[in-house]
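The lines below spell out each chain.
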Amino acid sequence: MGHLISTLAFFTPQSGGSSNANQIDSLFKITLAIALVIFVLVEAGLLYALLKFRARKGAVAAQIRGNNRLEWGWTVGATVILLALAIVTFAKLSSIENPSNSGPEADKLASNGLLYASSERKLPPDGKSLTIKVVGRQYIWQYFYPGASEPDGLGAPYSYEEMVVPTKTTITLDIASADVVHSWWVPQLGGKFQAVPGYHNYTWFKVEKPGVFRGQCALLCGRGHARMIATVKAVPPAQFDQWLAYQKQLLSEANEQAKVARAKLNAQTGAGQVENP
Amino acid sequence: MATQLAPVPQVTTHGVQREARGWTSWITTTDHKRIGIMYMVTTFVFFCLGGVEALIMRLQLGAPNNTLVTPQTYNQLFTMHGSTMIFLFVVPMMAGLANYFVPLMIGARDMAFPRLNALSYWLLLAGGIVFYASIFWNPPEAGWTSYPPLSSINFTPAGGQDAWIYLIHLTGISSILGAVNFYATIANMRARGMSWGRLPLFIWAILTYSVLIIFAMPVIAAAVTMLLTDRHFGTHFFDPANNGSPVLWQNLFWFFGHPEVYIMILPGFGIVSEILPVFARKPIFGYKAIAAATVAIAFLGFLTWAHHMFTAPIPEAVLVFVMLSSFLIAVPTGVKILNWIATLWRGTVEFKTPLLFCAGFIGLFLIGGISGVFLAVFPVDWQLNETYFVVAHLHFVLVGGSVMTIFAAIYYWFPKITGRMLSEGLGKLSFWLMFVGVLATFLIQHVIGLDGMPRRVYEYDNIGNLELYNQISTVGSFILGLGVLVTIVNVARSLKVGVVAGPDPWKANTLEWFTSSPPPVNNFDTVPQVRSVEPMKDIRREIERRTGGAPASSAIVPAGATQVGV
Numbered sequence: 001m002g003h004l005i006s007t008l009a010f011f012t013p014q015s016g017g018s019s020n021a022n023q024i025d026s027l028f029k030i031t032l033a034i035a036l037v038i039f040v041l042v043e044a045g046l047l048y049a050l051l052k053f054r055a056r057k058g059a060v061a062a063q064i065r066g067n068n069r070l071e072w073g074w075t076v077g078a079t080v081i082l083l084a085l086a087i088v089t090f091a092k093l094s095s096i097e098n099p100s101n102s103g104p105e106a107d108k109l110a111s112n113g114l115l116y117a118s119s120e121r122k123l124p125p126d127g128k129s130l131t132i133k134v135v136g137r138q139y140i141w142q143y144f145y146p147g148a149s150e151p152d153g154l155g156a157p158y159s160y161e162e163m164v165v166p167t168k169t170t171i172t173l174d175i176a177s178a179d180v181v182h183s184w185w186v187p188q189l190g191g192k193f194q195a196v197p198g199y200h201n202y203t204w205f206k207v208e209k210p211g212v213f214r215g216q217c218a219l220l221c222g223r224g225h226a227r228m229i230a231t232v233k234a235v236p237p238a239q240f241d242q243w244l245a246y247q248k249q250l251l252s253e254a255n256e257q258a259k260v261a262r263a264k265l266n267a268q269t270g271a272g273q274v275e276n277p
Numbered sequence: 001m002a003t004q005l006a007p008v009p010q011v012t013t014h015g016v017q018r019e020a021r022g023w024t025s026w027i028t029t030t031d032h033k034r035i036g037i038m039y040m041v042t043t044f045v046f047f048c049l050g051g052v053e054a055l056i057m058r059l060q061l062g063a064p065n066n067t068l069v070t071p072q073t074y075n076q077l078f079t080m081h082g083s084t085m086i087f088l089f090v091v092p093m094m095a096g097l098a099n100y101f102v103p104l105m106i107g108a109r110d111m112a113f114p115r116l117n118a119l120s121y122w123l124l125l126a127g128g129i130v131f132y133a134s135i136f137w138n139p140p141e142a143g144w145t146s147y148p149p150l151s152s153i154n155f156t157p158a159g160g161q162d163a164w165i166y167l168i169h170l171t172g173i174s175s176i177l178g179a180v181n182f183y184a185t186i187a188n189m190r191a192r193g194m195s196w197g198r199l200p201l202f203i204w205a206i207l208t209y210s211v212l213i214i215f216a217m218p219v220i221a222a223a224v225t226m227l228l229t230d231r232h233f234g235t236h237f238f239d240p241a242n243n244g245s246p247v248l249w250q251n252l253f254w255f256f257g258h259p260e261v262y263i264m265i266l267p268g269f270g271i272v273s274e275i276l277p278v279f280a281r282k283p284i285f286g287y288k289a290i291a292a293a294t295v296a297i298a299f300l301g302f303l304t305w306a307h308h309m310f311t312a313p314i315p316e317a318v319l320v321f322v323m324l325s326s327f328l329i330a331v332p333t334g335v336k337i338l339n340w341i342a343t344l345w346r347g348t349v350e351f352k353t354p355l356l357f358c359a360g361f362i363g364l365f366l367i368g369g370i371s372g373v374f375l376a377v378f379p380v381d382w383q384l385n386e387t388y389f390v391v392a393h394l395h396f397v398l399v400g401g402s403v404m405t406i407f408a409a410i411y412y413w414f415p416k417i418t419g420r421m422l423s424e425g426l427g428k429l430s431f432w433l434m435f436v437g438v439l440a441t442f443l444i445q446h447v448i449g450l451d452g453m454p455r456r457v458y459e460y461d462n463i464g465n466l467e468l469y470n471q472i473s474t475v476g477s478f479i480l481g482l483g484v485l486v487t488i489v490n491v492a493r494s495l496k497v498g499v500v501a502g503p504d505p506w507k508a509n510t511l512e513w514f515t516s517s518p519p520p521v522n523n524f525d526t527v528p529q530v531r532s533v534e535p536m537k538d539i540r541r542e543i544e545r546r547t548g549g550a551p552a553s554s555a556i557v558p559a560g561a562t563q564v565g566v
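Chains as they are written, first to last, in my numbering: chain A, 1 to 277; chain B, 1 to 566.
These are calculated hints, taken from the structure and not from any lab test. You may find that some hints are simply not true.
[Said to hold, decoys possible] Label-pair restraints from in silico Cβ distances: (1) A:98 with B:243: 28 to 38 angstroms; (2) B:129 with A:91: 49 to 59 angstroms; (3) B:531 with A:44: 47 to 57 angstroms; (4) A:95 with B:234: 41 to 51 angstroms.
A virtual CB, placed ideally from N, CA and C, is assigned to each residue, including glycine.
Next up, chain A with everything else stripped away, as it sits in the complex (with noise of 0.2 angstroms):
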């Protein structure tokens, strides 16, 4: 039976990075069965009436035309199947979309710092997860984590293509776009969601087991679309903590870098001439 499953599995979505992607795929297989006992059916329904009734000679084909309680009974049939699909789908609608909480090993940076849910923002029951804000833009994925390089709060770590993430968090993500749609993409970790300039589209994820998980962008952006990769890299959040503080401190460096060099730049050029050196 494990077998069988496991050759199954190239017909079913992937999975195993999160429960999400667990829950879609437990979804979709069930969907599945319901699929092939019908197609089979149907199928075999369709190749018993061609071969069974070809024309021989002296058959006379019988002047049927129509059942009225055989029409009614596919048709209430057909609506009942689909009605007990959709009543589980409702079933596993919860455990999708609905973030869970973060583990007892979280990463600490898990806070409620958000005011509120909404349908359409879902946090955990606790409130705490980790938001990651994704940027679609032609043609990369930019990510924007929680904290700031420098003492006034500005200047969000980032990272471009691979995302970094801790275990054992809940990370929910806010996807927007800096130019044109894009759709953010990441099987294992769960569904695509639309990056729309103007909008905010939410999803979430949570990584049990350190990994990297691949993914690209969905939806046609332009010319380079199918190289628009988006990869995710969860790592244990001790070490997560430390990638964030060395980007903090690599963007600080650069900052104050850059100050300096504004500096001598506006010495030689007059102050306020040049915004960016």
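Model the placement of chain B on the given structure of chain A, informed by the hints.
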């Protein structure tokens, strides 16, 4: 009286007008049959162009990180392919078939507005020429969905995008004029006795197709006009920097785009509902249910557009509503499939090529219908949306669906249009190649999508088995192309050497078979009284009764002018 034999039908001629000949007669014609032929030939040429574009794309995807075409060319190819197949092939091909057969099937001598009809055709051709002229400059490259801001002047400054807008406008006006014409014709010009309950199911389908076009096409016309003014006249409908909304475009586009799906498939359903009873020698099972399902699908088709936008930033209540309405639309569609199978049940099925294409259609369309249910479950769609799974789904519906029914129609009605039969051998070869080709090309694409490959990418890394799967798909696409080629050869050959068909080679049910093949300019000298949904069956029976059992088909050979007052 009762014992006396009725007179054998005779030809009555009131005067002869010489038939117009030469190429000018085609340009100036208002005859619905000639316009229909021009529609069908033109759209088939576009079908071949779109097919070649598809094959180039499949060649590019035959190997990972291939460099056969540039990213820009690839984007242009899929934009041209999608727009061509939808706006220049499936929709107008259905209009071409309807042009030829609506008047014949309802016993009319022409369409309600013959000159408007000619205008519809010439607008279509103009749209196609404007669109394809762009390949000499800059073809459009924002996809057939042309989502702004990508399609805005900032990100796609080239004129190809404007050629695309022009295409939508010209073919849109063409379709709307055609739809008004079909509606007026069907509403007013039916033969005596052809009440709504005796309307052939193809006519029901075309009536519904027309209503869908009349309601849906103005929406896309408005949307592309807004895009045009955004691009050139300084408006900001879709410009987020000035409080415009890219999501507005998605709503407008799919409010048209989803009914468009039914515009493309309902006439196909009609074709199948005509052909199956003829070759099963059995009445259609559940005429009323099929007609009602057609209308129900059309109505529900306007309530499901947002299932193309499940990943867009829209409220959850919309997601739930649209999932349920999309489930609901699966019911009448499923009902039709079961009705068709029940039509074959206990019949005497003759395996002629049109029947094969219809049976292939049911088998393949079912796959597209079922994969549609997966996409309607919105959490599942979050994984499948914009991947090759969707490409597989839409091609099972459009190639396994619409294209198979169009080929069924070609094989079924070619004898009526040309007076000659197509070769059965080549027809069956073409069917099997196309059937295997569709399965090989598109079945594996479900897996390609599930394995993480988005659509509209010009290259991919060989992760997992992506290379193997894509190669299977590429080989399949060439088998499919070969199948189409066999039919082209068959048509070219049969025009010259095909067996002469006679007026009613299939012993069919509807009035187009009452007249000669090809029909005379005025279609019918006398239009018979219709007494059931299968008037030709009644006529054959009546003639048999009057001639005392002489073969019915030979009795109505000069059918273009028979006077059978049945």
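Broken hints, numbered, in rising order? 3
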